[in-house]
Amino acid sequence: MRAFDKTLLGRRRFLHALGAGIAVAAASPLALEAKADSESNDEKRKSRYKESDHVKAYYRVNRYPS
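Numbering-wise, the numbering used here puts 50 at position 35 of the sequence shown, and it's gapless, one number per residue.
Keep in mind the hints are simulated off the structure, nothing from the lab. All C-beta atoms in this analysis are idealised placements derived from N, C-alpha and C, irrespective of residue type, glycine included. It is possible that part of the hints are untrue.
What the hints assert, rightly or not - Label-pair ranges, simulated between beta-carbon atoms:
| no. | residue 1 | residue 2 | range |
| --- | --- | --- | --- |
| 1 | Asp57 | Ala32 | 39 to 47 Å |
| 2 | Arg60 | Ala32 | 39 to 47 Å |
| 3 | Ser62 | Arg27 | 50 to 58 Å |
| 4 | Gly34 | Glu54 | 52 to 60 Å |
All chains should be modelled from the sequences, with the hints used to inform the complete structure.
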């Protein structure tokens with residue numbers, strides 16, 4: 016009977032941890048969404064493209080007109 020109780024307790028702990036993991040996974044996208052919304056309209060509209068050396072090398076190697 017004692018072995019059965021230990022197995023049952025192990026299953027309960029496993030299911031409890033599984034439930035907690037699911038709750039954390041469900042909350043993660045909400046935190047990321049809040050972070051993405053912190054950008055102002057001016058920051059959303061600004062140019063992010065920067066023609067650096069590695070971009071220029073990529074264009075040169077692939078023969079894109081500059």
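Status of each hint after checking the structure:
1. Asp57 with Ala32: 39 to 47 Å: holds, 44 Å
2. Arg60 with Ala32: 39 to 47 Å: Holds, at about 45 Å.
3. Ser62 with Arg27: 50 to 58 Å: Cβ of Ser62 to Cβ of Arg27: about 55 Å, so the range 50 to 58 Å holds.
4. Gly34 with Glu54: 52 to 60 Å: Cβ of Gly34 to Cβ of Glu54: about 34 Å, so the range 52 to 60 Å is violated.
Checked against the numbered hints above, the structure violates only hint 4.
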